[in-house]
Structure formats: C-alpha cells, structure tokens
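Novice: Residue numbers (this note's numbering), protein chains in the order written: chain A, 262 to 453; chain B, 5 to 205.
If a hint is listed, it holds; no wrong ones were tucked in.
One side of the interface only, derived from the structure: several residues of chain B facing chain A at Cβ under 8 Å:
(1) F18
(2) D87
(3) T142
(4) M149
Think of the hints as simulated: they come from the structure by calculation, not from any bench. We put the CB at the ideal spot given by N, CA and C, even for glycine.
One-letter residues, chain by chain:
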Amino acid sequence: MRYIRCNFCGATNLRSRDLCRRCGGKIAINPKSSLQTAFAFLVAAIIFYIPANIYPILETSKFGTPEASTILEGVIAMYKAGDYPVAMIIFIASVLIPILKFIVLFYILFSLWRKKCKKLEQKIWLYHLIEFTGPWSLIDVFVVVILVALIHFKNIAIIPGIGATSFALMVVLTMISALSIDVRVLGEKCER
Amino acid sequence: MKKEKDLLICPRCFTVHKKLPLSKRHEARCQRCNEVLLRGCDTLEWRVLALSISALIFLGLALAFPLVDIDLGGVSSSLNMIDAISKLWGDGYLFIAIFALFVLVLFPLLLMGTLLIVSIAMILRRKRLARNLLILATTLSHWSMLDIFFVSILVALVKIYEYAQIRFDIAFLALALFVFIEIYLTRYIKLEWYWERWERL
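Take the sequences, apply the hints, and build the full model.
Specialist: The following block contains the structure:
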C-alpha cells in the first residue's frame, strides 16, 4: 500500500512522509512503542479495578452512623428493592463492561503482538466499540458526584468512598490504553 | 498519478477511495464496509458558528443555575454543577473534583469556544489559525463528558425518586440542549469532515 491514514486528523498521506501533510502529527507506524504504552496503561487499569470493587463507592450516614456500600452491594440492594432495569444498567455498566473491556484489549494487544490476522474486521469493530463505550463507565462516578451534592441534610449525608476515586482512575486508564492502540497496525500487517 | 488530497481512506477497513464532488444532502459511504465517509454540506462553517454560539449560551445557563431541586421530607436542596464540584473538593476528594472540573466544565467550554473560533477562522479563510485550533478541538473531543453526566443525573434521580420530590429546573433543559448540540457537532459531523473542509478553503 502506498498510502496511510493519519490517526489524528484522518488525512491520506504518502507512506514516505514522516509528518502528516495536514495536521503535522506523526504518521509513522511504530507498533512496538504503541503496544507497550497500551499494555502498561491496561495493567494499571486492572490494578485499580480491585480497590474500585472492594472499597465502598458511597457511604451513607444516617443520624451519624455511617453505612458503606460497594458497587455490587448497591446493585444487589436495588435488585431486591425491585428496580430491575436500573440494577441491570449499573451491573452491566460498572461490573461487566470493565471486565469485557480488559478481555477485549488483551485480545487485541495479543494479536497485534503475534501479528495474527484472523477475524480482522471483528477486531477492528471491537476496538471501535471499546473506544466508543469507554467513558460511559463513568456514569457510576458521576452518580456519586450528584448524590453527594444533592443529599447533605442534617440527618442524612452521602459521602464518596475510596472506591469512587479508584473507579474513575480505572476508567480513565482504560481509555488512555485504548487510545494509544494504533488500529492501523492491525490493518496494515494483514493487507497483502 | 493521483494526489493525496483526492484520496480518502476508510477509518474502519482502510480501503482507499477516490473523492468525488459531493452535492448537498448526499453522503459518501465506504464501498467495502458501508461506513459513512463524508456528508455533503455547503454551509458547514456557518452551521458550526451558529450552533457553537448557542451551545456556549446553553452551557453558561447550565453552569450558572441549579439543574434539579429535590424536596426530602420538607427540606429542600438543589444540584448545581459548580457547587457539586467545590463540595467534593471541600470533602477532600481532590482527584474526582479536579477530574470533574476538567471533563464537565473546562473541556466542554474550551471545545465549544474552539469550534466557534474555528468556524470564524474558516469563514475568514485564516487557514493557519483554523488548523491549530482544529488540532486542539480534535484532542478535546474525547474528553468532554457532559453527555454522560446528563444520563448520570437521570440515573441518580431514579435512585432517589421514591423518597424525594423532584423538580427539574430550566438549567436542566439548557444542559439537555447543550448535549444535543455537542453530539451533533462532534459525533454526527465528524471532526475529520472539518479537516476535509479546511483543506478545500
């Protein structure tokens, strides 16, 4: 292939160029460094996934007695209260999707590393899905922000927990990991 | 030999296409994967100018006034974005407070301000200025998260609607309109199309 697409602005460039003719960004493919950056951020994100689920994301204090709840406890409480749709949304958005994202990112990174070309189109589709859904996991963190601001009465107060900070960090690190993967490498290596 | 300017590579499947002149309300799709590559629009920069000004006005309203009021057993409280962030800061949650300040206030403001100046620069044919600001806007577009915040408000209200009376304020509508415009300007019209337009100035 003689042409390459700029990752930043989408311009078509001749492969011989170093910098994009339109936005001036680097266009050379450097699979090794992008792989390492993405992997490092992914591992960091997985580390933060642990405190995000172990520590409470919210602490409710009723008449001075604090009561903490983790993400899973919150989902179970809502399920028991009969709020099935909201319980499902929270469970999918904050427990299931992060794990699926880790698996998919590992899968993409592995196939970039081993230069595997099977199911190329599905991989690129999966990558775009991860990139698109990435920030939506932050719903849980923003809900905490909103509840903290709304509920601060004499008797009842809501305090954010350590889990919220870890969760936000996890989502941001996963996003950076996904953004540093160069999908062109998948396409490039496999084009005949 | 074809020039680079006349070619377009599909972002999804990397097929190389030759650009054809596109008339109004027509869209170009990828031959292989059917991804929308470009949409024809003669008045892109004017549209962006009008919409980014309205988005900035709506965002100003959404930031300045309370979004929702709740009434819990006779005691009322309201949700104001700036107050919410400063409360988090006061409680010692520095990371979340700074993060929220950036992705919910500063980045959306900067993004819309940048798009506003980009459109003016494109109308005045100041190519260099427009290019530098387009680089900024492309970077910022990943990190403006008011659309997610909007959905979060709804989720938070579902959690408390049993105990509290909820009243939506006018700023809530302003936030909804801002999110709508932002999605139109950065997701429906992709930033790459601004670049395509810039190239033909």
